[in-house]
Structure formats: C-alpha cells, structure tokens
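Following the hints, position chain B with the ligand against chain A.
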Amino acid sequence: MRILVPIKQVPETGDVKMDPETGTVVRAGVETVVNPLDLYAVEAALRLKAERGGTVVALSMGPAQAAKALREAVAMGCDEAVLVSDRRFGGSDTWATSYTIAQAARKLGYFDLVIAGERATDGDTAQVGPGIASWLGLPLATYVSRIESVEGGEMILERLVEDGYQRLAITLPALLTVVKEIASPRLPTLRGKKRSKDIDIAVLDADSIDLDPSYLGLKGSPTKVVRIASPKVSRGGATVIAKDDEGVAAAADGLVAFLEKKGLL
Amino acid sequence: MSAETCQCLVWTIAEQRDGALKDVSFELLARGRRLADKLGTGLASVVIGDGVSREAMTELVERGADAVYSVQDPRLAHFVCEPYSNALSGLVSAYSPSVVLAAATSSGRTLMPHLAVRVRAGLTADCTELDIEEGTGLLLQTRPAIGGNIMATIKTPDRRPQMATVRPRSSRPLPRDPARRGIIVDVPVADSVMDGRVRVLGYRKDADGSGCVEEAGIVVAGGKGLKKAENLALVRGLAEDLGGVVGASREAVDRGWIGYPHQIGLSGKTVSPRLYVGIGISGAIQHLAGIKTSEVIVSVNPDPDANLHKLADYAVVADAFLFVPELRRRLAARKMEADNHGE
Ligand SMILES: Cc1cc2nc3c(=O)[nH]c(=O)nc-3n(C[C@H](O)[C@H](O)[C@H](O)COP(=O)(O)OP(=O)(O)OC[C@H]3O[C@@H](n4cnc5c(N)ncnc54)[C@H](O)[C@@H]3O)c2cc1C
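Just so you know, the sequences run in chain order A and B. 0 is the number of the first residue of the first sequence in numbering that gives the first Met the number 0; add one for each residue after it. 0 is the number of the first residue of the second sequence in numbering that gives the first Met the number 0; add one for each residue after it.
Please keep in mind that the hints were generated in silico from the structure rather than gathered at the bench. The model shown is predicted, which means the values in this text are computed figures rather than measured ones. The reader is advised that the hints may include incorrect statements.
[Unchecked claim] Cβ pair distances, simulated, as ranges: (1) Ser148(A) <-> Asp176(B): 47 to 57 Å; (2) Arg16(B) <-> Ser229(A): 35 to 45 Å; (3) Gly258(B) <-> Ser148(A): 46 to 56 Å; (4) Ala228(A) <-> Gln6(B): 54 to 64 Å; (5) Gly52(A) <-> Arg171(B): 49 to 59 Å; (6) Glu153(A) <-> Arg53(B): 30 to 40 Å; (7) Gly253(A) <-> Asp302(B): 13 to 23 Å; (8) Arg328(B) <-> Val225(A): 43 to 53 Å; (9) Val255(A) <-> Asp22(B): 23 to 33 Å.
[Unchecked claim] The calculated lysine to aspartate or glutamate pairs, modelled on EDC-like cross-linking and capped at a C-alpha distance of 16 Å, are: (10) Lys242(A) <-> Asp318(B); (11) Lys334(B) <-> Asp162(A); (12) Lys204(B) <-> Asp162(A); (13) Lys260(A) <-> Asp312(B); (14) Lys334(B) <-> Glu239(B); (15) Lys334(B) <-> Asp240(B); (16) Lys37(B) <-> Glu132(B); (17) Lys242(A) <-> Asp304(B); (18) Lys218(A) <-> Asp157(B); (19) Lys261(A) <-> Glu294(B); (20) Lys21(B) <-> Glu58(B); (21) Lys242(A) <-> Glu325(B); (22) Lys291(B) <-> Asp312(B); (23) Lys260(A) <-> Glu294(B); (24) Lys242(A) <-> Asp302(B).
Virtual Cβ for every residue (Gly too), placed ideally from N, Cα, C.
Isolated chain A (complex conformation) (with noise of 0.2 Å):
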C-alpha cells in the first residue's frame, strides 16, 4: 500500500500567548511541533503499512523550517519525506491549500490512500482532508476512529458522528481524516531518529508541480482575513469559597439562585 499522509507545522499549543497591545497571537519563540491531531493519521498509516507492507510518504506545504515536522514523522518511521514550499503559497486559505497540496500529491504518483489529521489546532477549520479529496476526485471518510478491515480494494471503517458511530465500506483509492480513538501514536525508534537526520527531503516548488497559478498563495485564496479580534477572557465571575459544611450548604444555595436566575433550572 502507498499511503500519503499530508501533515502541518503549528505553534505549540501549551504556548499560545497573546500580544496585549495589538490582540494578535504571537509567533515569534514559539515553539512548533507537528500538529497533534496529525499524529493520529500518521500512526495509522503506520500500522497499515506494517500489516499490508507499502510505503508511506509525509508530505508538509509550508516554510523551509517545515522540514522539522517532516523529520518528526520520519522518526516516528515514515518511509519518505516531501517539503511543498514556494513564497507564492504564502498566505493560502484552506481552498487553495487543498488544491496545492491536491497537486502535490498528483505529481508524486498513486496513492492507495491518503490519511489527514482531522483539524490542525491552529486553524481549527478541519477542510483541508475533504478539500484534497474533492481536488482529487476521491471517496472521503472524515472522523474515522476505526479501521475494521482492508479487502479486495475495500476498506471497512467507522466514523465518529455526533452520537455515534457509522460504518462504511469505502472503495479505494480514498481518503481519510481520523481521530484520536484510531490509535495512540508511536514515539520517534532511536533508528527512526537517526533515518530522519539523513534523509534527503524531497522539495516541490510552485514551477515543478502543475498548477493553476491564480488558484496559488493569498491572491488565489477565495476568503481573506479582514479582522482579527481577542475575545473577553474574563467573564467576571462571582466565586464562592466552602471550607467546611456551612461553606458547602452556602455555595450550593448560591449556585442554584444563580442557575435560577440565568433560568437554567
């Protein structure tokens, strides 16, 4: 099997700090993992890989420092690494996103399947996965938490809907965005670690893969940001403190009067 797992460089989350003067996150020291969520997707494509045999690629569109998320994934025992990086993807929203890393992924051959992280906890818009399965003309299966059984070029798998779980039979090739319940994700072998120093990180720039240039980077981008706000932090809120039983029996009739007058009762 030839899996394809498109993974994204985000800051930290445990660090996010805020600019108080301009209200904008600051990027600036912060440290940058591998968005967390994406973890998930390579582990699988790992397991797969180790029942089925294959091949499994990352594949990360971003600045050059990307290549340090690529390296964490071929630590972790992804067979090969690709860098999408090019200034005039700069400032893409997630439709021209999908289509450069939809592209890409043209360019680097078949893939039996391609599996994304569900969201990137930065963004937060979960619309790249679907985005390059529609680019790419492939049946999607987002939310999948568990993968029953690969067959005769059918996959069983469950998706985690909102109160429960359905369960599909998807042709391949497809694509796949999974949650955490798909598997716990593997630390980097210490071989894995030493693979990831050496390999040759191969680098697709706007030129050498084929692409509609007015679909690229923030001019090709249907939506633009044209406000960034910092939400009220603070509600202002009432505490009450119980030490003891009469402390207890005080909050408890504080709280349901509160509940009582937000008519939640």
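Chain B with the ligand only, in chain A's frame:
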C-alpha cells in the same frame, strides 16, 4: 409562487436523521433570516435525505424559510459526502445563491469543504457570528481560531457563493409562525448524483448512551479530580438532575472512565451549551479551547488557582465530593416542591 419567482439568495442546508430534522436546521434559519432581510432577498433551505415529511418542511417555512428545496431519494437517506455534494453542486449551479450556510457538524464540516472546491467558492469554518458588511453587502464571517484565543473575521470578496459552517447552538431558532408562507420545491434526483464508492453499512450508538455533547444544551463535565471511574457517577447524577449530557477532560477519557465521544477540547469536541459545569477539571488551555463559547460556565474545584475558575461565571472553590451531593440534594428538594405544586 414558483421557485423562479422566489428570489432566494441566502441558503441554509438542513440536517436530518432518519427523516427527522435536527434542531440545528432551525438555528441556521434564524441566522439566514437575518442575513436575507439585511440583503433584501429571500431565504431557502435545502433538505437532502429520504422520508422527510411535508410537516417537517412546513416547519422550516414557519421558522423562517421562504422556499424549501426538497431533495429526497432512498439512496440519500444517510449522509454520504459524494452524492450530497453532487446534488448540492447541481442546485448551486442552477440557482446561484449568494450565501450558503451549513452546520459545523460532522456532516456539515465534511460536505461544505468538498462542495466549496467543486463550485470554486470560499468557505469559512465553524463561525459564531455572521453579519452583512455595510455598503458592500458582503458576508462577514467571524470565528474563533487558535484554540479560541483569537476571533477572526473573514470575507469572500469575489467568489460565489459565500459559504460558511456555523457552530451548533451558537444561535436560537426563531419561534414557529404558522402564518408564514413559503414554497416547497421537489427537486428531481438524477442517477448521476449517486456515486457508489462509499456504502453505509450501519450505525452504532455511542455505548455510553448519555447523549451527544455537541447538541446538548447543558453539559456537565468531569476530570481527573474525580480520582476514579466510579466517582464519575457524581457527574452523571448531576447531569441527569439538570437535564444535561456528560462530558469529560482528556485525562478522564484517557483513564478509560468514559468514551472518547465525550472528550471536550482541542483533541475532542467543541461545545457551545447554555450551561457548562466542569467538575475536577483544572482548565488546561486545550480543554478551554472546547468550551469558550459556552453561555454560562460553572467550575467546581478545591484549588482556588485552577484555570477554569478564572474563566467561570460561577466558580465554586470546594471539594466536589462534598459540594456536588449537597447541590444534588438542593435540586431534588426543589424538584419535589415543584412536583407538589403541580398537583
Ligand atoms: C495536543 C494536546 C491536545 C489535548 N487535547 C485535550 C482535549 O481535547 N481535552 C482536554 O480536556 N485536554 C486535552 N489535553 C490535555 C490537557 O493539557 C490537560 O492535561 C487536561 O485537560 C487535564 O485534565 P483534567 O483537568 O481532568 O486534569 P488535571 O489538570 O489533573 O486537573 C484535575 C483538577 O481536579 C482538581 N481536583 C482535585 N481534587 C478535587 C476534588 N476533590 N474535587 C474537585 N476537583 C478536584 C484539581 O485541583 C485539578 O485542578 C491536550 C493536551 C495536548 C498536549
């Protein structure tokens, strides 16, 4: 009125399960109605499924729609992205709406990005505010990003339609108005809409059975502070008293106290209930990412410095094992009193 005479430039995508419309369909109409009125156009709702009754479609009209496009076929009974996207892209090409809204649910967030590519349109995810820009008439789409740490406002200047998914429970449905009139248009379903590469084999309810956190009006969530699985009963009990659904922190889920469908936060679900109660949850940034748009937040934690207390509308600095039973006794007493009054 025919479909041609009803100029409906704002569309919402209704959601159904087993032929019954989901509440979020009506929430979307409330959003859409405001936008359509500002733009001076009509509002249409698209229903894709099977066996959705006339009564249900009439409810869409009574809650704001001027037109309902009914796309029904046994093969469309369950959500599958490809045929739904095919059907919708056909409709979008035929009628050229200016705005298309869907719910930010597992199906809406799958269908809309797929469709946006097909129709070459812009899409904004999981919006919590929508408005029309003065002068330009463009849709202003506001959404939380970076774990709720920023609010970004986005617009789509050139491409049409302007598409957005809207966070469930971020708006309230309009009351039913039986006097409202609208048209229901039966859209024929061509065989070419079907795809066949994805087949629905079945459905399994979440084993916990306590309900779905994204759709719940009240969520009572438990964390590691509960110390062991059995103690989650405290949270379940309170959820029952309040008519809510049980949620959990990642710590609680990873310890196997409750299933992953109940995990709230960055690597779990995002909720927007009227009331969120966090018990034994510290309020890590990754958990807060999933609860920030809750209307009212209550936290119960003996640690006065717990992060969740800082965000809460009502912070109870107390041991959950003492406080929650006491609270439940109050609620039980209150209920008994109400029942007696009722007789
Ligand atoms: C990439 C990534 C993704 C993540 N995604 C998520 C996610 O989706 N959801 C999520 O929740 N977390 C997520 N986390 C984990 C997150 O960082 C925290 O570890 C987690 O939220 C903590 O869970 P907790 O509050 O239950 O436990 P703790 O942080 O250990 O807090 C337990 C709390 O219980 C309190 N307590 C103790 N005794 C009592 C008592 N008797 N009564 C009441 N309270 C008591 C303590 O004071 C403490 O505040 C993620 C982390 C990473 C790195």
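*Between arginine 328(B) and valine 225(A), does the C-beta distance stay in 43 to 53 Å?*
holds, 51 Å
_lysine 260(A) and aspartate 312(B) were given as a pair; does the straight-line alpha-carbon distance stay at or below 16 Å?_
holds, 13 Å
*Using the beta carbons of serine 148(A) and aspartate 176(B), state whether their distance is inside 47 to 57 Å or not.*
Between serine 148(A) and aspartate 176(B), where Cβ atoms are some 51 Å apart, the hint holds.
*Quick one, are lysine 21(B) and glutamate 58(B) close enough, alpha carbons at most 16 Å?*
It holds: about 12 Å lies between the C-alpha atoms, which stays within 16 Å.
*Range hint 23 to 33 Å: satisfied by the CB atoms of valine 255(A) and aspartate 22(B)?*
holds, 27 Å
_Need the status of pair lysine 334(B), glutamate 239(B): alpha-carbon distance at most 16 Å?_
Since the Cα atoms of lysine 334(B) and glutamate 239(B) sit roughly 12 Å apart, the hinted pair holds (cutoff 16 Å).
_Satisfaction of hint between aspartate 240(B) and lysine 334(B), Cα-Cα up to 16 Å_ = holds, 9 Å
*Given the proposed pairing of lysine 242(A) with glutamate 325(B), does the C-alpha separation stay at or below 16 Å?*
Given pair lysine 242(A), glutamate 325(B) holds - Cα atoms ~14 Å apart, limit 16 Å.
*Is it true that glycine 52(A) and arginine 171(B) lie within 49 to 59 Å of each other by Cβ?*
Since the Cβ atoms of glycine 52(A) and arginine 171(B) sit about 54 Å apart, the hinted range of 49 to 59 Å holds.
*Given the proposed pairing of lysine 261(A) with glutamate 294(B), does the C-alpha separation stay at or below 16 Å?*
holds, 10 Å
*Do the Cβ positions of glutamate 153(A) and arginine 53(B) conform to the proposed distance bound of 30 to 40 Å?*
Since the Cβ atoms of glutamate 153(A) and arginine 53(B) sit about 38 Å apart, the hinted range of 30 to 40 Å holds.
*Is the straight-line distance between the alpha-carbon of lysine 260(A) and that of glutamate 294(B) 16 Å or less?*
Holds, because 14 Å separates the two Cα atoms, which is no more than 16 Å.
When the structure is compared with the earlier hints, violations turn up for hints 3, 4, 11 and for no others.
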